[in-house]
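K.L.:
Single-letter residue listing:
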Amino acid sequence: EAGVAQSPRYKIIEKRQSVAFWCNPISGHATLYWYQQILGQGPKLLIQFQNNGVVDDSQLPKDRFSAERLKGVDSTLKIQPAKLEDSAVYLCASSLELAGGRDTQYFGPGTRLTVL
Amino acid sequence: TQLLEQSPQFLSIQEGENLTVYCNSSSVFSSLQWYRQEPGEGPVLLVTVVTGGEVKKLKRLTFQFGDARKDSSLHITAAQPGDTGLYLCAGRATSGTYKYIFGTGTRLKVLA
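In the order they appear, the protein sequences are chains A and B. Plus 129 on top of the position in the first sequence (first one is 1) and you've got the numbering used here. Plus 158 on top of the position in the second sequence (first one is 1) and you've got the numbering used here.
Calculated directly from the structure, the hints in this document are not laboratory data. For clarity, every value in this text was computed on a predicted model and none was experimentally measured. Treat the hints with care, since some could be wrong.
As the list claims (entries may be wrong) - In silico BS3-like links for lysine-lysine, alpha-carbon gap of 30 angstroms or less: (1) Lys173/A x Lys212/A; (2) Lys214/B x Lys228/B; (3) Lys215/B x Lys257/B; (4) Lys215/B x Lys228/B; (5) Lys191/A x Lys207/A; (6) Lys140/A x Lys217/B; (7) Lys173/A x Lys215/B; (8) Lys267/B x Lys228/B; (9) Lys140/A x Lys173/A; (10) Lys228/B x Lys257/B; (11) Lys257/B x Lys173/A; (12) Lys200/A x Lys257/B; (13) Lys267/B x Lys140/A; (14) Lys217/B x Lys267/B; (15) Lys191/A x Lys144/A; (16) Lys173/A x Lys207/A; (17) Lys191/A x Lys267/B; (18) Lys257/B x Lys217/B; (19) Lys140/A x Lys207/A; (20) Lys207/A x Lys257/B; (21) Lys191/A x Lys140/A; (22) Lys214/B x Lys140/A; (23) Lys212/A x Lys140/A; (24) Lys200/A x Lys140/A; (25) Lys173/A x Lys200/A; (26) Lys257/B x Lys212/A; (27) Lys173/A x Lys267/B; (28) Lys257/B x Lys214/B; (29) Lys140/A x Lys228/B; (30) Lys217/B x Lys228/B.
Stated by the list, open to error - Reference excerpt, derived from the structure (chain A facing chain B, CB under 10 angstroms, subset only): (31) Ser136; (32) Asp185; (33) Lys191; (34) Ala217; (35) Leu220; (36) Cys221.
Unchecked claim - Beta-carbon label-pair distances, calculated as ranges: (37) Ser188/B x Gly132/A: 24 to 30 angstroms; (38) Gly157/A x Thr235/B: 44 to 50 angstroms; (39) Asn176/B x Thr233/A: 23 to 29 angstroms; (40) Pro210/A x Leu216/B: 21 to 27 angstroms.
Each residue gets a CB set at the ideal place from its N, CA and C atoms; glycine is no exception.
Same shape as in the complex, but just chain A (with noise of 0.2 angstroms):
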């Protein structure tokens, strides 16, 4: 079975520069996530898409962050423009959603984002 794919890897872009991540999650995964990490912190879950509707955006930094999901597959996450303060990697995972809270999120590699 394939793992969450996600491009490109590496990313290093001026700052107020634009810049868009894609994450294609794991076949038959309705849910799907973007999360931001920072050096030496955890996730911190920036966007929820069940299918192709938003569950939860409540962090996601709107003015210059914004995510979509089409067609309930694939997705991507832009930032426009961007902050110093944005460099970290951005991590996509996929769930199935099971019940009692023991779904289980697949993370992918991460794309590492570096403003200068």
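Position chain B against the provided structure of chain A, taking the given hints into account.
P.N.:
Only chain B this time, still in chain A's reference frame:
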């Protein structure tokens, strides 16, 4: 805002030693997961605990969920260099969107 504090933040031990990592919160979680993350990779799930007081063992790793479902611990017996990595706990909220809140992380280094 639900927060999960992990301790210690960093741990460097010799091969063969035992260690315990703690994950604490003032909030109740419906379930708690432990992950290990290696450099350049995403976190990988180790275990999920759901019931207060639940204990799970995975080879040399023992996980416990607190009775009140507010805290958890991970104990490693006879640590090996292969255990090196970032250990993350993640609690699932009991209401709202039931999202996962990740802990601050414990970076473990096991020296041969």
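K.L.:
Give a verdict on every hint.
P.N.:
Hints, verified against the model:
{"no.": "1", "hint": "Lys173/A x Lys212/A", "in the structure": "holds (17 angstroms)"}
{"no.": "2", "hint": "Lys214/B x Lys228/B", "in the structure": "holds (17 angstroms)"}
{"no.": "3", "hint": "Lys215/B x Lys257/B", "in the structure": "holds (25 angstroms)"}
{"no.": "4", "hint": "Lys215/B x Lys228/B", "in the structure": "holds (20 angstroms)"}
{"no.": "5", "hint": "Lys191/A x Lys207/A", "in the structure": "holds (10 angstroms)"}
{"no.": "6", "hint": "Lys140/A x Lys217/B", "in the structure": "violated (38 angstroms)"}
{"no.": "7", "hint": "Lys173/A x Lys215/B", "in the structure": "holds (27 angstroms)"}
{"no.": "8", "hint": "Lys267/B x Lys228/B", "in the structure": "holds (27 angstroms)"}
{"no.": "9", "hint": "Lys140/A x Lys173/A", "in the structure": "holds (20 angstroms)"}
{"no.": "10", "hint": "Lys228/B x Lys257/B", "in the structure": "holds (16 angstroms)"}
{"no.": "11", "hint": "Lys257/B x Lys173/A", "in the structure": "holds (11 angstroms)"}
{"no.": "12", "hint": "Lys200/A x Lys257/B", "in the structure": "holds (22 angstroms)"}
{"no.": "13", "hint": "Lys267/B x Lys140/A", "in the structure": "holds (28 angstroms)"}
{"no.": "14", "hint": "Lys217/B x Lys267/B", "in the structure": "holds (19 angstroms)"}
{"no.": "15", "hint": "Lys191/A x Lys144/A", "in the structure": "holds (17 angstroms)"}
{"no.": "16", "hint": "Lys173/A x Lys207/A", "in the structure": "holds (16 angstroms)"}
{"no.": "17", "hint": "Lys191/A x Lys267/B", "in the structure": "violated (38 angstroms)"}
{"no.": "18", "hint": "Lys257/B x Lys217/B", "in the structure": "holds (29 angstroms)"}
{"no.": "19", "hint": "Lys140/A x Lys207/A", "in the structure": "holds (13 angstroms)"}
{"no.": "20", "hint": "Lys207/A x Lys257/B", "in the structure": "holds (22 angstroms)"}
{"no.": "21", "hint": "Lys191/A x Lys140/A", "in the structure": "holds (21 angstroms)"}
{"no.": "22", "hint": "Lys214/B x Lys140/A", "in the structure": "violated (39 angstroms)"}
{"no.": "23", "hint": "Lys212/A x Lys140/A", "in the structure": "holds (14 angstroms)"}
{"no.": "24", "hint": "Lys200/A x Lys140/A", "in the structure": "holds (26 angstroms)"}
{"no.": "25", "hint": "Lys173/A x Lys200/A", "in the structure": "holds (25 angstroms)"}
{"no.": "26", "hint": "Lys257/B x Lys212/A", "in the structure": "holds (26 angstroms)"}
{"no.": "27", "hint": "Lys173/A x Lys267/B", "in the structure": "holds (24 angstroms)"}
{"no.": "28", "hint": "Lys257/B x Lys214/B", "in the structure": "holds (23 angstroms)"}
{"no.": "29", "hint": "Lys140/A x Lys228/B", "in the structure": "violated (38 angstroms)"}
{"no.": "30", "hint": "Lys217/B x Lys228/B", "in the structure": "holds (25 angstroms)"}
{"no.": "31", "hint": "Ser136", "in the structure": "violated (14 angstroms)"}
{"no.": "32", "hint": "Asp185", "in the structure": "holds (4 angstroms)"}
{"no.": "33", "hint": "Lys191", "in the structure": "violated (16 angstroms)"}
{"no.": "34", "hint": "Ala217", "in the structure": "violated (13 angstroms)"}
{"no.": "35", "hint": "Leu220", "in the structure": "holds (5 angstroms)"}
{"no.": "36", "hint": "Cys221", "in the structure": "holds (8 angstroms)"}
{"no.": "37", "hint": "Ser188/B x Gly132/A: 24 to 30 angstroms", "in the structure": "holds (26 angstroms)"}
{"no.": "38", "hint": "Gly157/A x Thr235/B: 44 to 50 angstroms", "in the structure": "violated (37 angstroms)"}
{"no.": "39", "hint": "Asn176/B x Thr233/A: 23 to 29 angstroms", "in the structure": "holds (28 angstroms)"}
{"no.": "40", "hint": "Pro210/A x Leu216/B: 21 to 27 angstroms", "in the structure": "violated (44 angstroms)"}
In summary, the numbered hints that this structure violates are 6, 17, 22, 29, 31, 33, 34, 38, 40.
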